[in-house]
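S.K.: Could you put together the complete structure from these sequences and hints?
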Amino acid sequence: MLPEFREFERFSTTAINAYIGPRMERYLDRFLGRLAGLGLTVQPYTIHSNGGLMSAESVRSFPVRCCLSGPAAGVVGAAATGRDAGRPDLITFDAGGTSTDVSLVAGGTPAFASSRSIADYPVRSPMIDVQVIGAGGGSIAWLDDAGALKVGPRSAGADPGPVAYGKGATQPTLTDANIMLHRLDPVSLLGGGMPVDEAASRRAIADTIALPMGLSVEQVALGIVRIAVANMSRAIRAVSTERGYDVRDFALFAYGGAGPLHAAAVAIECNMNRVLVPVEPGTMCARGILLSDVSLDLVRSEIMAADEAHWPRIVAHFAAMQADGERWLDGERVPADRRRFDRVIDARYQGQNHEVQVRLAGDVQLDSFAEAFAAAHRQEYGYDIPGRGIEVVSCRLKAVGLIDRPKAHFAELNNALRARTVRQVCFDDGWVETPIYDRASLAIGIRLSGPAVIDEMSATTLLPPGCSVIVDAAGNLLMDVAI
Amino acid sequence: MTGLADPNAMEVFSSRLLSITEDMGNALIRSSFSTNIKERKDCSVALFDAGGRLIAQASHIPLHLGSLLGSVTAVLARHRITDMQDGDAFVLNDPYLAGGTHMPDISIVTPVFIDGAVCAFAANVGHHSDVGGPVPGSISGQARSVFEEGLRLPVIRLVRGGELDEDLLALIAHNSRDPDERSLDLKVQVASNARGVTLLRELAGRIGLKAMTEAVDDLLAYTARRLRNRMREMADGEASFTAYLDDDGIGGDPVPIRSTVIVHGETLTVDFSGTAPEARGAFNVPESALRATVYYAVKTLLDPELLPNSGMFDCIDIRAPAGTLVSPRFPAAVGARSITCNKIARALFGAFAQLLPADRAMASSHDSVPAIIFSGPRRIGDGSFVYLETLGGGMGARSDADGMEAIHVHLTNTSNLPAEALENEYALLVDEYALVPGSGGAGRHRGGLGIARQIRAVRDGIVFSVRSDGHVLGSPGLAGGAPGGTARLLRNSGRPDQEELSSKTASIVLAAGETVRIETGGGGGFGDPAERDPAARKADLRSGKTCQVLTEKT
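Keeping their order, the protein sequence lines are chains A and G.
Residue numbering for the first sequence follows our numbering, starting at 1 and increasing by one per position.
Residue numbering for the second sequence follows our numbering, starting at 484 and increasing by one per position.
It is worth saying that the hints were derived from the structure and are not from the lab.
Each hint should be verified, as a subset may be incorrect.
What the hints assert, rightly or not - From the derived model, a few chain G residues whose C-beta atoms are all more than 12 Å from chain A: (1) P637; (2) L647; (3) D650; (4) R660; (5) P662; (6) I733; (7) G734; (8) A759; (9) T783; (10) G794; (11) R802; (12) S810; (13) S898; (14) V946.
As the list claims (entries may be wrong) - To give an idea of the interface, some chain G residues facing chain A are shown, with a C-beta separation under 10 Å as derived from the structure: (15) E505; (16) I512; (17) F516; (18) A904.
Beta carbons: idealized from backbone N, C-alpha and C, even for Gly.
M.R.: See below:
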């Protein structure tokens, strides 16, 4: 299951894998049965928490590798979209109904973690490092008994959801605040498919918060949004400073139902001046799967000095893993010219207890490894120690089968820039008459200046005064934020 | 209505402040050199206002909760803020001269200048693995005074107007067994505060100094109001609980730690009258460490989400009679205070249990920080190693659940060294690493199990020391629950020459093939054992967590 040193993590991972195995097995059987019933003859893939694809058979053996794979798919999609859009350095900002997922993509490559805690148990498996915080559109706004306005961590979820959805909720949420401020359509959402009750949002905010605080409902609604934005921004700064990056060098890649709505404010709070909103931001995680390759992570653990004497063993480990990888790719029916092998060595200075991951470019050579190790150590810890011995702990090989990517295609675009309608929207400085655009009506190359609201089926993008946006060739919204 | 100037701005400000402390903490952990700070995260960062009130803290271990308060108070007592200049930074550690918690915890305090005046302080503390003294690591339970615990630093200006005093740094570094590590880590500590200074200035530039001052006042007033609300919800009353250390580090009888918690309206007083006189060994608790322990207990039991700042601290009145274990007089040794702090937590939890609803009470946990230290030749080749590990034990049972097994409790939390790593590097083998069957106190809910770890020397000349406790008295149960099993330490377990060792054994030498076995204590049980769910009882037997004999007895 995990031929890697550190007995507790290995045991815990194996136990979690065994625990979820039977449930995954039943689910797969049902799922594959229904696909067959639909007459589908193509082999389906599932997504791995490392962002790669794997066959249903691999999932049966290693179900633990699916943990948190949904958010990972979104990050893979974001990295690919960002690379194509000339924005390889991103912080992904996926705000949904109950939570916000944040991760870092540097040079087009998502940041990986070798382990994380799942339900309080350590699971060691290479995975895209996604930080989750409990803040989303459904986060409940409430007044605590000492007079502070709080947003979350409790969420109204899908049921009862925000008060405006009319499903019996009485506690206002972040979404209610956005409806009351007309940042979200105060009449209906989902392209007119779901009516909302603005008056109910306003009443709930007035009764539970504004009256006891002695503030106007607008002040409270603005406060709710500002507080939620401050919480989300804290998570964004943390993922960059943890890895020693400056957040200002990154673009904010906003998706999920509530991401594009808060992206400009979050960018301003974090001193980031670029925002990218992909097409169909509400379905990014699902589409991310289509942008993934199939891949399998292999590992051999043996602690030894990184020197001339031991190097042949390291080369041999990689050769053996490559043979295993080739066999696995055979099983996945990946043709020879679509195969790639990524090699990583986990290494540390002698005397250290934790390793840094060193990516090997090309062949497995001692000299280039030592240089790459020093560079990786500088990035991870801020310094290197010339002359100190290096120890190899694990050799990792990722066998990748490249998948043909679907070409993005758009409906015929209408070149005339025409607002669908105009409504009053409340920004930080008060109500402003704001044009509302249908995203599908925005042609490539068009530039818009805020204030504006851009609506589409799965999300709403808010462009505050002072910000501007241009539609790129792939249909992404590239926003310049005034900071 | 709320009495706050701008509650919305306060909440946003609070997130921004925490973000700054997280940024400083990340810079400290990422850039530091020593395992202690980088990997064990034995460090904390905080921001203070110009008056020395703590306004935000990123604490990685509870034992640091509020402990930087003592450092900033000491700096302010030594220097007027008008005598400081932009770019100064102070270094300090001494428990008696500079509000420290023990010598290895070195603080750096940096004034934040905005518009030409000190408006705040950035501060951080890191546990340095060695600051000199007779033993490696600078902590010995047998130390008789602070003069045996390494280099004492009063408030010293290490950086003057941006100019680091390299001579002073060299003096500090060369009083350690690892001068390079000291020097690098202290520079990183200075740089982490500088990061905090930059970020705080940016924030003030963004919102204005007046709004910042207002938000600080709001934040502290709000925190105090919130904690006073929790106090008001409790019925007025007074309760005491006495916890015991096995001995005072040198030997003798069990040492009582008595806490009395008094709730009256919106006031909370914690009185330690009745606690033993200061110990001859290093188990004394200086003021900063005592405060951290009390703040930890109050936050955990009354309001876990409460922000740790001076608004909270100022609501709690701590009384500790001078000359006792919890208020030692100079020059009493304090290095091994963490075990005592966990026992103080036991005394506080025991007293609060009588004042709070049953669902917030728990039986006593093992409440120790057993530390084992092996040193000697490496497994292969030349060179020597020092291997220190602190072990978990059983957690006390709660009103609705069994105690967790094999876990660090209360004020400390560190990861274990994998047996595979240890065997690879050191001349040691792990014979066994297991739960101790039957060590959880019986009850409606069972106490958690302790840990057994048996280690074998594979070369001659392995030196072994230990600081442990709870070898004499087990963790008390609650509401009719039985006490948890006691800890023990055996040399050559199962051999004819098996020998039980004292919980404070120092520097015994093991020959190749000899073993040391430590069994840590279990947690106390909660409720009458007769009421235990038969299914849970069966499951315990099946998994070997209890033994037949023990079960029949209940």
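S.K.: Please go over all the hints and tell whether each is borne out by the structure.
M.R.: Hint check:
1. P637: holds (30 Å)
2. L647: Fine: 17 Å to the nearest Cβ keeps L647/G off the interface.
3. D650: The assertion about D650/G holds, with a minimum of 23 Å to chain A.
4. R660: holds (14 Å)
5. P662: holds (15 Å)
6. I733: Correct as stated: the minimum Cβ-Cβ distance to chain A is 34 Å, above 12 Å.
7. G734: holds (35 Å)
8. A759: With a cut-off of 12 Å, A759/G remains clear of chain A, as the shortest Cβ separation is near 38 Å.
9. T783: holds (18 Å)
10. G794: Contrary to the label, G794/G does not stay out of reach of chain A, its closest Cβ about 10 Å off (not over 12 Å).
11. R802: holds (26 Å)
12. S810: At about 32 Å from chain A, S810/G clears the 12 Å cut-off, so the statement holds.
13. S898: violated (9 Å)
14. V946: holds (19 Å)
15. E505: holds (5 Å)
16. I512: OK, holds: I512/G within 10 Å of chain A, min 9 Å.
17. F516: Check passed: Cβ of F516/G comes within 8 Å of chain A, closer than 10 Å.
18. A904: holds (7 Å)
Of the hints listed earlier, those the structure fails to meet are numbers 10 and 13, in rising order.
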